[in-house]
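S.K.: Read top to bottom, the protein sequences are chains A and B.
Letter by letter, the first sequence follows residues 1 to 235 in the numbering used here.
Letter by letter, the second sequence follows residues 1 to 125 in the numbering used here.
Be aware that a few hints might be false.
With a straight-line cut-off of 27 Å between C-alpha atoms, the simulated BS3-like cross-links for lysine-lysine are [as the list claims (entries may be wrong)]:
1. LYS94/A <-> LYS117/B
2. LYS97/A <-> LYS122/B
3. LYS58/B <-> LYS94/A
4. LYS58/B <-> LYS97/A
Over the 12 Å line for every Cβ pair with chain B, so calculated as not near, a few chain A residues [to be verified]:
5. MET1
6. LEU9
7. SER15
8. LYS36
9. SER37
Everything labelled a hint here was simulated from the structure, so no lab data went into it.
From the three backbone atoms N, C-alpha and C, an ideal C-beta is built for every residue, glycine too.
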Amino acid sequence: MELQWQAALSSVWQSPYLGLVLTLMSFQLGLWLYRKSAQQPFLHPVMVSVVTVCIVVLFTNLSFERYIESAHILSQFLGPVIVALAIPLYENLKALKQYWLPFVVSNVVGGAITILIAIGMLSVMGGSDVSMNSMWTKSITTAFALQIAPEINGLAALAAAIIMVTGILGAIMAPPLFRLFNITAAPAQGCALGVCAHAVGTSKALELGSEQGAFAALSMSFMGVLCAFTLPFLV
Amino acid sequence: MNWLKTDMLYGLIVFLLFLLLGEFIAQLLSLPVPASVLGMLMLFITLVIRGGITSELKASSNGILPYLPLFIVPASVGIVNFMGLLEQEGLALLSAIVISLLVGIPVCGLLAQSLIKRQTNKRAK
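All chains should be built: construct the whole structure from the sequences, respecting the hints.
M.R.: In structure tokens, the structure reads:
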């Protein structure tokens, strides 16, 4: 019997599961690197996974269309998972009791300032409309932004890239900025991380302490809901 | 192997039903708000009214939420279709992000901190 190496390999490469397996494996690699590196923000599993898959899609004959057809099933889970965020939101609510006013004010004002500065900078530097529309979502977590960006004529994928970079840089820049400006109150640190660096910021906040983590998670959800209700009418 | 041990299923059904409720409300009121965000709000309001979370729901959310980052990967890979745009505007986007963070983080933190301090001082008096 003659072994059909060529046909066997090509059927694996053509498999409808290839994109899914590629995503899961690259994400697992990301998780491993993130743990090994003591949670370096720039080695965030999403970053590692997206970059790995992008390299494969750009440099092999696996097209984006064929990739997304296979991996799309993962995107389908985003809807129910966003709904599930109501549970940690409810559980963190206790932390708010005392400090709801500082929380709301710093979220609304801080969020508006960080978004408007980014939009202003980008328009000064001649950013295109589609970049500007995507930039509006910079301070919300990707899961929300993927759904909101199309509503305001932004690109979901560009929004995701902007948010990823914002989250990583925010998590790296926040601790030195806290020292420089003497920001020591745990809720204040949490709000700043949640508003400016959403999900990556929230994992950083959890490293600083559980109170920081709760406020960051609350800020992340609050900003997401706030932007979901305001951006479609503003942009 | 116990096929009756399917705690995740109950929660998944609840989350999906609230997602559909969100879809319904968005269309009903013609709100340009994502159905999932509306669904989350509805579930949140339900939990506040009920005043607690059932252990099944808690177990399901604990089971599914750690995978949230994984679920955003495929859509994020879509950036491969916009490499030209990134080449042209990448630097502008990056500097806008860095400067907005350099201002946003201190402003947000200092604002929250000063409001907290004022509140504690008031309480002390």
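S.K.: For every hint, state whether the structure bears it out.
M.R.: Quick rundown of the hints versus the structure:
1. LYS94/A <-> LYS117/B: holds, 19 Å
2. LYS97/A <-> LYS122/B: holds, 16 Å
3. LYS58/B <-> LYS94/A: Holds, because 17 Å separates the two Cα atoms, which is no more than 27 Å.
4. LYS58/B <-> LYS97/A: This hinted pair holds, its Cα atoms lying about 22 Å apart.
5. MET1: Consistent with the label, MET1/A stays out of reach of chain B, its closest Cβ about 37 Å off (over 12 Å).
6. LEU9: holds, 24 Å
7. SER15: holds, 16 Å
8. LYS36: holds, 17 Å
9. SER37: Check passes; 16 Å lies beyond 12 Å.
In summary, this structure violates none of the numbered hints.
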